[in-house]
Amino acid sequence: MSVLILADHHDGQLAGTTAHVVAAAQQIVKDSGGDIDLLVAGQEVQSVAEQAAKLDGVNRVRIVDHTVYAHQLAEPLADLLVRLADDYSHVLASSSTTGKNVLPRLAALKDVAAISDILDVVSADTFKRPIYAGNAIATVQSADPLKVLTVRSTAFDAAGETGSAAIEAVDATVDNSLSSFVDERLEQSERPELSAARVVISGGRGMGNGENFKLLDGIADKLGAAIGASRAAVDAGFVPNDMQVGQTGKIVAPELYIAVGISGAIQHLAGMKDSKVIVAINKDEEAPIFQIADYGLVGDLFQILPELERSL
Amino acid sequence: MKILVAVKRVIDYNVKVRVKADHSDVDLTNVKMAMNPFCEIAVEEAVRLKEKGIATEVVAVTIGPKAAQEQLRTALALGADRAVHVSTDERVESLAVAKLLKRVVDEEQPQLVILGKQAIDTDNNQTGQMLAALTGWGQGTYASKVDIQDGTVNVTREIDGGLQTVALKLPAVVTTDLRLNEPRYAKLPDIMKAKKKPLDTRTPEELGVAIASQVTQLQVETPAERKGGIKVGSVDELVDKLKNEAKVIS
Ligand SMILES: Cc1cc2nc3c(=O)[nH]c(=O)nc-3n(C[C@H](O)[C@H](O)[C@H](O)COP(=O)(O)OP(=O)(O)OC[C@H]3O[C@@H](n4cnc5c(N)ncnc54)[C@H](O)[C@@H]3O)c2cc1C
Ligand SMILES: Nc1ncnc2c1ncn2[C@@H]1O[C@H](COP(=O)(O)O)[C@@H](O)[C@H]1O
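The listed protein sequences derive, respectively, from chains A and B.
Just so we're aligned, residue 1 is where the first sequence starts under our numbering, counting upward by one.
Just so we're aligned, residue 1 is where the second sequence starts under our numbering, counting upward by one.
Please keep in mind that the hints were generated in silico from the structure rather than gathered at the bench.
What you are looking at is a predicted structure, and each value in this text was computed from that prediction instead of being measured.
There could be a bad hint or two in this list.
[To be verified] Computed list of chain A residues with no C-beta within reach of chain B, every gap over 10 angstroms:
1. D31
2. K54
3. P130
4. D171
5. D284
[Claimed, not checked] Derived SDA-like pairs: lysine to any residue, alpha-carbon spacing no greater than 20 angstroms straight-line:
6. B:K169 / A:A265
7. B:K2 / B:L199
8. B:K227 / A:A265
Ideal placement from N, C-alpha and C gives every residue a C-beta, glycine not left out.
Assemble the whole structure, with the sequences as input and the hints as a guide.
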């Protein structure tokens, strides 16, 4: 039993989700005592590899530095993983847009199933995963020789950072004539990453427009919160797509989630209902969000938000 | 150029599913079914490409039981020209779906295949990527913009940090995200016309694909239900509860 994890990283930073994937891998090798290797593929990723080497439980960080991997395109990354996969029983990645893009491609190239978004490791071949927007949890068992899994990072505690794994370069470049990178527009934010934040405050259609999202800023500053949104708020153009929380957006499970002007559609709940404490602010006392909120406050958000900012 | 669109019949997105008492699966008896919302977006995109004169033919394909022909008729009413139904009553996992689609691709030779990014029943988010692997084509997943020019498709993708644009050599696979377009509604005359459009039926056996999966669903449970809490009367009460009862802020 040995596990290869495709590490997520950006701008020389290892993504926080990787430590959670390592925790899932630790459960997989728990009984067999097998190895956990991390693959860092990209361009100028030495510092990422150094961060990855600190994660507890990692035996080796394998680093592949080449322009072909610079933008994490699926075609070359899947080809790279195909070359390495034979040494492993499991290949894991987080359920990030990179993980979900690359791993199914790897799985099909290896003629095995992919299992998406695991929440729990029952044993090395049996996993739990959400289906139907999280309204049911399936336990699935794989008889494939290689298990290809994406991991819902909020479902696993992060591995610690006291390790010192060896870093080894892998010499593997692949051709990519299928796809090329054109450009990227990434949202810059000083705030914590949505999927890793301790507090998340999200706005919905009730916010009215993008300008009004500023009402969340002061509160987010005081609480060290990330700001999220419902699909309706994103579709209406109030805020960028990367802020969407839900079945088809980001999955969050913070200590505190504050939903403001969000009705509570099942697709939204799918992305936040595992939060420890949920607060809902909505002027409609019948809004479904109140059925799952620990603390509901009925009223007009335009009055409530300034007051809340003052009293924090 | 020809575009192939894969559509899946799934539970209607407004319906909250229930788990069967024996925990073998979810209960779909008498549940309202519909085309997967991401597939509606895929059909819409293909039809728009045809309306723009970029596509010459749009072929819709589904894999599933007889009843899934309803979703093919919907695709035809929305503007697809023809449909292919790969008929099976078995449960077909993403890898087998991708293999069946690959066979249809071999026969139809489209320049572009558009799929949804995710089916809202299994929430797999795999099939497009798998089909791209099996065809050896490039993949533009989570598309919010598709732009075709001389042998290339530029796909703007919704990724975790924002947007990324990639250029793919055609033929290629694209999967749709929510903001690619807003699907139209089928008009009654189009629904009538769709009944006469060609619909071929095939079987996995004819296509030479074994659909058995190595993954077995052992059981299905209802997640721990969250109990509703309380309504608070004021901001002050809320802040007090968060500090002193829930202890999530200081
Ligand atoms: C395939 C598919 C995938 C989807 N994926 C997602 C997803 O990932 N994430 C997601 O969020 N949605 C998703 N949706 C959409 C989802 O079904 C809902 O449409 C959406 O979540 C609604 O957003 P909302 O609650 O902001 O808007 P609405 O439902 O319109 O609710 C607005 C709320 O604001 C309240 N309000 C208005 N004004 C005020 C005020 N002044 N003060 C206080 N309250 C006020 C109203 O009472 C109302 O409850 C998906 C849908 C589909 C079909
Ligand atoms: N049985 C099926 N028939 C046709 N298309 C399918 C089927 N299953 C999945 N797809 C396509 O693949 C997309 C993603 O599905 P999935 O990978 O299962 O989440 C869907 O939106 C469809 O376009």
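Results of checking the hints against the structure:
no.	hint	verdict
1	D31	19 angstroms, holds
2	K54	23 angstroms, holds
3	P130	7 angstroms, violated
4	D171	24 angstroms, holds
5	D284	12 angstroms, holds
6	B:K169 / A:A265	39 angstroms, violated
7	B:K2 / B:L199	16 angstroms, holds
8	B:K227 / A:A265	16 angstroms, holds
When the structure is compared with the earlier hints, violations turn up for hints 3, 6 and for no others.
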